[in-house]
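2 protein chains.
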Amino acid sequence: MTTLGILGGGQLGRMLAMAAARLGIDCHIYCPEADPPAGQVSAAVTVAGYDDETALSAFAETVDSVTTEFENVPAATARFLAARVPVHPSAEALEIAQDRIAEKSFLNGIGIDTAPWRAVDTLADLTAALGEIGPRGVLKTCRLGYDGKGQARLNGPEDAPDAFAAMKGAPAVLEGFAAFEREISVIAARGTDGTVRCYDPGENHHSEGILRTTTVPARIDDATRAAALAMAERIVTELDYVGVIGVEMFAMPGGTLLVNEIAPRVHNTGHWTIEGCAVSQFEQHVRAVCGIPLGDPARHSDAVMENLIGDDINAVPALLAEPGAALHLYGKGEARPGRKMGHVTRLVTG
Amino acid sequence: MTTLGILGGGQLGRMLAMAAARLGIDCHIYCPEADPPAGQVSAAVTVAGYDDETALSAFAETVDSVTTEFENVPAATARFLAARVPVHPSAEALEIAQDRIAEKSFLNGIGIDTAPWRAVDTLADLTAALGEIGPRGVLKTCRLGYDGKGQARLNGPEDAPDAFAAMKGAPAVLEGFAAFEREISVIAARGTDGTVRCYDPGENHHSEGILRTTTVPARIDDATRAAALAMAERIVTELDYVGVIGVEMFAMPGGTLLVNEIAPRVHNTGHWTIEGCAVSQFEQHVRAVCGIPLGDPARHSDAVMENLIGDDINAVPALLAEPGAALHLYGKGEARPGRKMGHVTRLVTG
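Residue numbers (my numbering), protein chains in the order written: chain A, 1 to 350; chain B, 1 to 350.
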């Protein structure tokens, strides 16, 4: 029996654990929070800090390999464990994805376009950056932002002081406004043998910085689709990445693609693969990090995935009754605003 | 948070627990065997005997409702728990399904045909029964048989002594030979409100008494299909049943249907619903026994489910590489002959 260790205990870990179970693999969840959603479907749970070397050592003894379910696991934790047991993705990949400047520098360095950006440590930096890359953009903390947190939108230079104050002194990056036609993402996987498999790009709609829906296929032409897949393959290969990664892109007028960000983990925009494919992103990630050959990422059906955020949970009775709706609830107690409580996938058939 | 107690810890309990998790419901497994497959994906496990009233009482305290994942849970256990917490299916339904004579008497009593049968307690009973219902048939122990165990085939009166000896003195029933065209099954569900939902009949192929494949749809005409669904609905309604039930039938030349047996639980011939439907038989059962309205049993795709039995497990590397194959492994250590190790479902698309 193989045991997979997962750092992090949220809904992504929960869905990873269920996919692992389908392959007969046990999971051991490690996270600082008590009673994690992923623990309810896993063989073992360790509740301890990411810097608790005693607990980490004991955890490493019980597992055959380790992965992460969110990108902000300290790279030092991954590095400590990697001296004891295989860890995917690597500390290096986590470090790049955890810092927006490192990420954009990496992407630009391998020839992949992003929206224009500038590092911002002072208000003067921000004012100068707005002059260089245009008056509109989003200022983001370099680290620890997700679901729209740690972000401030600027519609002109007059917004600079408030936006800068919102960073609370943290190193930040100004991302220039990208007048995209649509947001798409590629869920890519790379195995320990270097094989890359990508799911077809999905089209994403966000609201208030949080993903609302993903629809596959995205409404892009064949050339753009091929370029998106090639870009994702280039990223995972250059990172020497193992596992599933989410690559968010802006499809610009004229067919250009800009990478918005990369998430070194299973990705909300890939949840549709549970119903749409024989091998979901979760199973694909488990395969990759356990050294099992990757599976076929082809989808048998088109699909629309809709997140249930905060009060959306009140729609559950209607969703339970809706023909064709595949409902996923994450076992979270309290429906706070902006909290991802579950999702629903509808296959587009017939 | 709802907690569902499950009596039994095998692969059916494992898949029930995963379906429950998808709805945000925790599971507590209760079974006598240590380290049950279902326990690896459940929030809690109690390892204790079905007659351990102290353990059963404590278990009942922790759960909101109780169900069973195999039909041979003692009815007394269900009755003991039912005094403390809702239990579905009921002790009465279990008692009927646990005894082939009670089952056939119930079916015949509500006007549903079975193959001819006779109770057999002595070799003289068997000889007389063969004279009455024909020289070919299968002698089965009344209780505790599954997957071809406790069965002896008879091709003529000369086989009677060996067949009778194989029962080892247990009460038995002779089932007359049914020259069926095909074996089908209906997976039916009934909710606490009496609503009945049936999946389309599947066509089953057995070998050595063990299910090998289920294909949906079954190759039956519309009238036979309607009759099969009506028969399943009549059975669950007359039983005042709550939960999913598997109804195995013989489709005879000319369109007659005989019920072979009923299994008061999720059923191997319904595993295809995980990939083929928005709401699987496992989720449907969880909904029924937790008092949640039943979901839509429509399938979005045709499907073929193949069991992996014993050494079939050696095909796993090929199955992992096969496009479109959705693989399920049950986390069992040892691949003994006849042991169900997993299954694979292939959707029939395009």
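Hints are computed from structural coordinates only; laboratory data are not their basis. We put the beta carbon where it would ideally sit given N, CA and C, even for glycine. Just so you know, not all the hints are guaranteed correct.
[Stated by the list, open to error] Lysine to any residue pairs mimicking SDA-like chemistry, simulated, CA-CA at most 20 Å apart:
id, chain 1, residue 1, chain 2, residue 2
1, B, 332, A, 3
2, B, 340, A, 2
3, B, 332, A, 48
4, A, 340, B, 149
5, B, 340, A, 1
6, B, 332, A, 290
7, B, 332, A, 64
8, B, 340, A, 64
9, A, 332, B, 64
10, A, 149, A, 210
11, B, 332, A, 44
12, B, 149, B, 64
13, B, 332, A, 1
[What the hints assert, rightly or not] So these bits of chain A aren't anywhere near chain B, every CB distance computed over 10 Å:
id, residue
14, 21
15, 26
16, 41
17, 47
18, 153
19, 260
20, 330
21, 342
[What the hints assert, rightly or not] Part of the chain B face toward chain A, derived, beta carbon under 7 Å:
id, residue
22, 24
23, 44
24, 335
25, 337
26, 338
A quick look at each hint next to the structure:
Between the alpha carbons of residue 332 of chain B and residue 3 of chain A the distance comes to roughly 13 Å, so the proposed pair stays at or under 20 Å and holds. Note on residue 340 of chain B and residue 2 of chain A: the hinted pairing holds, with a Cα-Cα distance of about 19 Å set against a maximum of 20 Å. The straight-line distance between the Cα atoms of residue 332 of chain B and residue 48 of chain A is roughly 30 Å, outside the 20 Å bound, and the hint therefore fails. Restraint check for residue 340 of chain A and residue 149 of chain B: not satisfied, since their Cα atoms lie roughly 48 Å apart, outside the 20 Å limit.
Between the alpha carbons of residue 340 of chain B and residue 1 of chain A the distance comes to roughly 16 Å, so the proposed pair stays at or under 20 Å and holds. Proposed proximity of residue 332 of chain B and residue 290 of chain A is supported: the alpha carbons are some 18 Å apart, at most 20 Å. For a cut-off of 20 Å, the pair hint linking residue 332 of chain B to residue 64 of chain A stands: about 18 Å separates their Cα positions. Proposed proximity of residue 340 of chain B and residue 64 of chain A is contradicted: the alpha carbons are some 25 Å apart, above 20 Å.
A C-alpha spacing of about 18 Å is found between residue 332 of chain A and residue 64 of chain B, which places the hinted pair at or below 20 Å, so the restraint holds. Distance restraint check for residue 149 of chain A and residue 210 of chain A: the Cα-Cα separation of roughly 9 Å lies within the 20 Å cut-off, and the hinted pair is therefore satisfied. Distance hint between residue 332 of chain B and residue 44 of chain A is fulfilled; the C-alpha atoms sit about 17 Å from each other, no more than 20 Å. Between residue 149 of chain B and residue 64 of chain B, the direct Cα distance comes to roughly 35 Å. Violation of the 20 Å bound is thereby established for this hinted pair.
Between the alpha carbons of residue 332 of chain B and residue 1 of chain A the distance comes to roughly 8 Å, so the proposed pair stays at or under 20 Å and holds. Distance to chain B contradicts residue 21 of chain A as a non-interface residue, since its nearest Cβ pair spans about 5 Å, not more than 10 Å. With a least CB separation of 5 Å from chain B, residue 26 of chain A falls inside the 10 Å interface cut-off, contrary to its annotation. For residue 41 of chain A, the condition that its CB be more than 10 Å from all CB atoms of chain B is violated, with the nearest at approximately 5 Å.
Taking the minimum C-beta to C-beta distance to chain B, about 14 Å, the non-interface status of residue 47 of chain A holds against the 10 Å cut. Distance check on residue 153 of chain A: its Cβ is at least 34 Å (rounded) from any Cβ of chain B, clearing the 10 Å threshold; non-interface status holds. Chain B leaves residue 260 of chain A outside its interface by the beta-carbon criterion, the shortest separation being 30 Å against a cut-off of 10 Å. Here residue 330 of chain A does not stay apart from chain B, with its beta-carbon only about 6 Å from theirs, under the 10 Å limit.
Some Cβ of chain B comes within 10 Å of the Cβ of residue 342 of chain A; the nearest lies about 7 Å off, and the non-interface call is violated. Among the interface hints, the one on residue 24 of chain B holds; its C-beta lies about 3 Å from the nearest C-beta in chain A, closer than the 7 Å criterion. For residue 44 of chain B, the interface hint is violated, the least distance from its beta-carbon to any beta-carbon of chain A being 9 Å, above 7 Å. Interface hint status for residue 335 of chain B: violated, as the beta-carbon distance to the closest one in chain A is roughly 11 Å, over 7 Å.
With a cut of 7 Å, the hint placing residue 337 of chain B at the interface with chain A is violated, because the nearest CB-to-CB distance is about 19 Å. With its C-beta approaching chain A no nearer than about 18 Å, residue 338 of chain B sits outside the 7 Å limit, and its interface hint is violated.
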